[in-house]
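Model the placement of chain Z on the given structure of chain R, informed by the hints.
Line order of the protein sequences matches chains R and Z.
Counting along the first sequence from 1, when you hit position 172 you're at 172 in the working numbering, and nothing is skipped either side.
To get the working numbering, take the position in the second sequence, counting from 1, and add 1000.
Treat the hints as calculated values from the structure; they're not laboratory data.
Keep in mind that the hints are not guaranteed to be accurate.
Stated by the list, open to error - Derived pair list, reagent style DSBU-like, types lysine-lysine, alpha-carbon separation capped at 30 Å:
#, chain 1, residue 1, chain 2, residue 2
1, Z, Lys1144, R, Lys5
2, Z, Lys1083, R, Lys83
3, Z, Lys1116, Z, Lys1136
4, Z, Lys1031, Z, Lys1046
5, R, Lys30, Z, Lys1061
6, Z, Lys1083, R, Lys77
7, Z, Lys1077, R, Lys46
8, Z, Lys1144, R, Lys61
9, R, Lys61, Z, Lys1116
10, Z, Lys1116, R, Lys116
11, R, Lys136, Z, Lys1030
12, Z, Lys1136, R, Lys136
13, R, Lys5, Z, Lys1083
14, Z, Lys1077, R, Lys136
15, R, Lys5, Z, Lys1136
16, Z, Lys1077, R, Lys83
17, Z, Lys1005, Z, Lys1030
18, Z, Lys1031, Z, Lys1061
19, R, Lys144, R, Lys83
20, Z, Lys1116, R, Lys136
21, Z, Lys1077, R, Lys77
22, Z, Lys1144, R, Lys77
23, R, Lys46, Z, Lys1144
To be verified - Not everything, but these chain R residues come out facing chain Z in the computed CB check (under 8 Å):
#, residue
24, Asn47
25, Gly60
26, Pro68
27, Lys136
28, Asn139
Virtual Cβ for every residue (Gly too), placed ideally from N, Cα, C.
2 protein chains.
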Amino acid sequence: MLDYKLYYWDLPFRGNFLQLLLEDVGANYKKFDASDVYPARGLTIKNPGMAPPYLYDCQGKTWYAQMPAILMHLGRKYDYLPKRAETLTLALKTILDANDVLMEITNYNGSMMWQKSTWEEFRCGRLADWMQIFEKTGNDHGLKGGAGFLLGARISVADIAVAALFGTMVHSFPTLRGDLQEHAPNIAILCQRIEARPAILHFLDRQREESGRGYCGGQIEGSLRKMIEG
Amino acid sequence: MLDYKLYYWDLPFRGNFLQLLLEDVGANYKKFDASDVYPARGLTIKNPGMAPPYLYDCQGKTWYAQMPAILMHLGRKYDYLPKRAETLTLALKTILDANDVLMEITNYNGSMMWQKSTWEEFRCGRLADWMQIFEKTGNDHGLKGGAGFLLGARISVADIAVAALFGTMVHSFPTLRGDLQEHAPNIAILCQRIEARPAILHFLDRQREESGRGYCGGQIEGSLRKMIEG
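Just chain R, same shape as in the assembly (with noise of 0.2 Å):
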């Protein structure tokens, strides 16, 4: 019997944060895709949610939505939360970070179309100060020296959400590794620490031949695309 089944699209976007932590526990998890649940079933699911992903609990019958609430529930269960009370509000709030992330770079989940001008003002303003938020809070915390995580010698949830963010957004737009390792250069070997762990090798190794370079898909990716890769 399953432990879990975990429903989004087939993408990296909001996903591999729940995957890059099911995988590294090796938990025994199944994906499906969001559209079994989303948009019919939504609303009458117990504990019902308004998007993807969703996390459904095969021994307690129960659902679970909104990405940092499965994140941390699944980091609890694992134990991959910092224990002392500042870095465990720290580890929540690295994830929130990241998920405001997701939605500035799709101009609020591609309400809007980037133009040339928005998304340079993005790339070099906002963009950029998001990347020194995280070096700073792993600088002022576990990546002191470099040997660390983000936020103390043991992994924890937030190193996932980085790796997820950032890992995936440099993979999938290879020309934004420059302003992460002149933004956040701790940050950006930490993806690679993350990403090298050999669980979350194989299952992005997997992720990748299957997916290549998707990210978050629709008109939105496209948009991006446009405007990264001229």
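Below, chain Z alone, put in the same frame as chain R:
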């Protein structure tokens, strides 16, 4: 000596999620204007964040950003978190849902102004769906029969979030009270019960005397008023 300094604008919007809890527990805190930190100092503080609200922990000399992370942090400190894994996760999910509604009702933090057609589509579509999501979550858990709180027999951060979201919304825009009563009747009652708690009532009386029906400020509040009030 203060326990906390809270930095936010003189508006209820995201700030009341934190102030309702701080008031209900009688925390020794003081509110400061967000411009003391944002934007000039935002990237330089320890544990930097992108935008207000910020909470400064005076004893720990530590900064926290991201409203949902701050509310969970305070919830842990003051024993306002559910105990079971499912309801603990749902508490965070509820705060995140509320935060998404704030973003959507301001048309992505004011990035576009509302048009009559887009507002009506939102009001009858996603806003109604959101209200039903909160209602069903409550009915699946603590609001069965109408006596308890959202997720159980004890107050939690989820109740604070629901009151900060919908209590504020229908105070600022009384026309929307009918929408809430139609789509989420038990949530409407819950908001009234939370707003009637003595410390919260005292705080809201003062705030509403000073700020009237002010909501999120800026051009987007003007756009919302034009849509709702004709």
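| If you check each hint against the structure, which ones fail? | 5, 9, 12, 20 and 28
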